[in-house]
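A.B. asks: Sequence:
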Amino acid sequence: MKNLVAYITTGYPEKSFTVDLALALGENGVDTLELGVPFSDPVADGPLIEKRPCCRWSFNRKSKS
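Residues in the sequence shown are numbered consecutively from 5, following this note's numbering.
Check the hints yourself; a few may be wrong.
The following label-pair restraints were derived from C-beta to C-beta distances [said to hold, decoys possible]:
| no. | residue 1 | residue 2 | range |
| --- | --- | --- | --- |
| 1 | Gly-50 | Met-5 | 25 to 31 Å |
| 2 | Met-5 | Phe-43 | 31 to 37 Å |
| 3 | Ala-48 | Phe-21 | 20 to 26 Å |
| 4 | Ala-10 | Pro-51 | 27 to 33 Å |
| 5 | Phe-21 | Gly-50 | 26 to 32 Å |
| 6 | Glu-38 | Pro-17 | 32 to 38 Å |
| 7 | Ser-44 | Met-5 | 33 to 39 Å |
Hint data in this document are derived by calculation from the structure and do not stem from the laboratory.
Yeah, the Cβ is synthetic: ideal placement off N, Cα and C, and Gly gets one too.
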């Protein structure tokens, strides 16, 4: 038996999209959904996330003012 598995990065490109996409995937035959949590270093999330400046994650950053 084969299963269709989907992987999505939570919160990408925005939080509400994650919920809508997860529901749509379930309604369209996805058997298993893996949710990825963004890492604080965009390089670790792969080249697609790393190259998009608008989507770089910034966790625990403090301004130096």
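A.B. asks: Starting from the range 26 to 32 Å, see whether the pair Phe-21 and Gly-50 falls in it by beta-carbon distance.
C.D. replies: With a Cβ separation near 18 Å, Phe-21 and Gly-50 fall outside 26 to 32 Å, so the hint is violated.
A.B. asks: Holds or violated: the 31 to 37 Å window for the beta-carbon distance between Met-5 and Phe-43?
C.D. replies: 33 Å, holds
A.B. asks: The hint says 25 to 31 Å between Gly-50 and Met-5; measuring C-beta to C-beta, is that right?
C.D. replies: 30 Å, holds
A.B. asks: Determine whether the Cβ-Cβ distance between Glu-38 and Pro-17 falls within the hinted range of 32 to 38 Å.
C.D. replies: Check failed, 18 Å falls outside 32 to 38 Å.
A.B. asks: If you check the beta carbons of Ala-48 and Phe-21, does the distance land in 20 to 26 Å?
C.D. replies: About 21 Å separates the Cβ atoms of Ala-48 and Phe-21, which means 20 to 26 Å holds.
A.B. asks: Given the range 27 to 33 Å, decide if the beta-carbon distance of Ala-10 to Pro-51 lies inside it.
C.D. replies: 20 Å, violated
A.B. asks: A range of 33 to 39 Å was offered for this pair. Does it hold for the Cβ distance of Ser-44 and Met-5?
C.D. replies: 38 Å, holds
Hint compliance for this structure: hints 4, 5, 6 are broken, all remaining hints hold.
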